[in-house]
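> Heads up: the sequence lines are chains A and B, in that order. For the first sequence, the residue numbers in our numbering are 1 to 374. For the second sequence, the residue numbers in our numbering are 1 to 374.
Across the chosen pairs, the derived CB separations fall in these ranges: (1) Asn331/A <-> Ala363/B: 36 to 42 Å; (2) Asp150/B <-> Arg245/A: 38 to 44 Å; (3) Asp346/B <-> Arg213/A: 46 to 52 Å; (4) Asp32/A <-> Gly241/B: 18 to 24 Å; (5) Arg327/A <-> His294/B: 41 to 47 Å; (6) Arg307/B <-> Ala237/A: 27 to 33 Å; (7) Ser114/B <-> Ala74/A: 54 to 60 Å; (8) Ala211/B <-> Ala367/A: 58 to 64 Å; (9) Arg327/B <-> Asp346/A: 20 to 26 Å; (10) Gly296/B <-> His94/A: 53 to 59 Å; (11) Leu244/A <-> Glu40/B: 29 to 35 Å; (12) Lys239/B <-> Leu244/A: 35 to 41 Å; (13) Asn117/A <-> Glu40/B: 57 to 63 Å; (14) Asp346/A <-> Glu40/B: 50 to 56 Å.
To be clear, the hints were calculated from the coordinates, so they are not data collected in a lab. Glycine residues also receive a C-beta, built at the ideal position from the N, C-alpha and C atoms.
There are 2 protein chains.
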Amino acid sequence: MAGVAESSEIATAVGSVSPQRLKVGDALALQDGNMLNGYELVYETYGTLNAAKSNAILVCHALSGHHHVAGEYADGSIGWWDNIVGPGRPLDTHRFFIVGVNNLGGCHGSTGPSSINPATGKEWGADFPIVTVEDWVESQARLADHFGIDAWAAVMGGSLGGMQALQWSLQLPERVRHALVIAASPKLSAENIAFNEVARQAILSDPDYVAGRRPERGLRLARMLGHITYLSDDQMADKFGRRLRHGEYRYGFDVEFEIESYLRHQGDKFASWFNADTYLRMTKALDYFDPARHHGGDLAAALRVARAKFFIAAFSTDWRFTPARSREMVNALVKNGQTVAYAEIDSPHGHDSFLIPDDYYHALVAAYLQRVTL
Amino acid sequence: MAGVAESSEIATAVGSVSPQRLKVGDALALQDGNMLNGYELVYETYGTLNAAKSNAILVCHALSGHHHVAGEYADGSIGWWDNIVGPGRPLDTHRFFIVGVNNLGGCHGSTGPSSINPATGKEWGADFPIVTVEDWVESQARLADHFGIDAWAAVMGGSLGGMQALQWSLQLPERVRHALVIAASPKLSAENIAFNEVARQAILSDPDYVAGRRPERGLRLARMLGHITYLSDDQMADKFGRRLRHGEYRYGFDVEFEIESYLRHQGDKFASWFNADTYLRMTKALDYFDPARHHGGDLAAALRVARAKFFIAAFSTDWRFTPARSREMVNALVKNGQTVAYAEIDSPHGHDSFLIPDDYYHALVAAYLQRVTL
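Just chain A, with the same shape it has in the complex:
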């Protein structure tokens, strides 16, 4: 799912929440050379900011995620990482002030392709700039400023969210005390980029997209493909195997196998609401992320600037960002003599493991955060 939980397996502990909105007047110079003359960020908070403003945790979202991290809306929708946030949960709202924010370029309320371009008075659409992980860190810093938070107790995220946590530690090293980088990678591999490129081409070549309409076919294909990479082969085998929809072969192109039904359903659901221009930009942000690039490919050299302590976790069946990718970060930090805790967690759930409650995984996060001084 990489960012959007479909339903919480545990009832929300946070209770009712509602989003808030920050209007940033400062211009933002983006990595792609464009300038945003002000923008809005939609965010949510859980728990209470202490007087010293030393207990704030920023939770960054992945590809299709958003600011609704925890708690419940009036319409019943529960945050995508609700299972890890709340009183007594690993991100303990008795102790911490948790902030979720929708990334710039997103489609959940922050300035993005579906916002009005002040220069034209029309929706940005495909004209919205490309945004990068660096841009997100810069914009999220305005949210910290808004609260008067000099330094986050922690910045945390899974997948693309983990990349943001890492980038925070490099870009604004004095403003993050702990970085929790989960199911992430210091850069995408050629295969990772290849999957993103097929998803993008599905959207970009959809005649509806070319004609300026909603490319539901392309979004559907992109999501179907994405889902394959979020799950593990083993998990798919356990969950679906070769189970037939009708108990026997029908010899046609309607659903034969349950896995086909699952993918079509996921694709249809996603295509009905997600913004294609956001999807395109999120995949590009992933592709471009590569902090070692400015250091001749030397990751240790790139990470040396960090002042944060690190918690890095990877999942055994994650083949999108394998544990080996997390170990690259761990080894670079160890090489530098920086402080890092690393956990390789057995889980059958592939890349999606970071979203799924698991006692051992949650106990590790809880134990790490309990040691964070306020």
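We have chain A; now place chain B onto it with these hints.
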């Protein structure tokens, strides 16, 4: 590539060849319930059939392959498995009579979606029946009959071609003495089916396909996705890594990384010539293949009927059909006390390894075939 080599690394040893055509008058009752009232098979042969007709090897093709296995056409196109066929090569034409055939439902000359449906006088197109591995074996048997071959010395293939070799040994056990099953699987996993389903949906949802036109967009996406699964992560990393087309980020949706250029090129090339209705059917044949299905999932029980000796080979970096999938077949045969030679070959080339010349791999095939009595 799974069936179509782009260029031979070694000059053809077979020399000039040309395809031939067999008209089959007998009706064929297909697994999907349809009846084909006669059909044509296009095929090629290399070497000479001996007087005893005991030296014939049938080479079965994979997803996008065809009958042009070896040798060179007048237009310069070289067979897709030319590197393994010829005088002194593993499939030694001094000793063996090699037959390549385009599968029923294909798009290279055998009866398929682009053939004329005698009932309507128009192209079959999407009305062409679904064909299965069982149907192919049945139709290929007519080719053996044509040559007066009671039993193939060997039936051999990689990927979907390997599944045909296996099915031959089960369906017509007295007519195949050796089955060489390479880079194959006794059935597709949920993940395998999932990838096929995304490829099919790319084609089926292409508005051109719906309108009865050539769905070049869908075929392009299907092929791009296919290519990711034919290569290994390591090989992609070695061959492309994060190498940029322009040496720097351009922040747009044109090609940034070389891997994107490669995939687009492969997709465009394939979309310009391959028949979408054939592609759809080849993926369904893969999905449906599951000989254990009639034996309550017991593969050993399914394989017990075979009289052939087996050579099974898998490649270390093949993540489409991992060595574990080949070992399922080996273990079932061993359990039955049947004769099987198994090789797990170190290769960086992923699923495509079966097409790529490698001294150790070719030496194993050569050694196995040298022991085949004529």
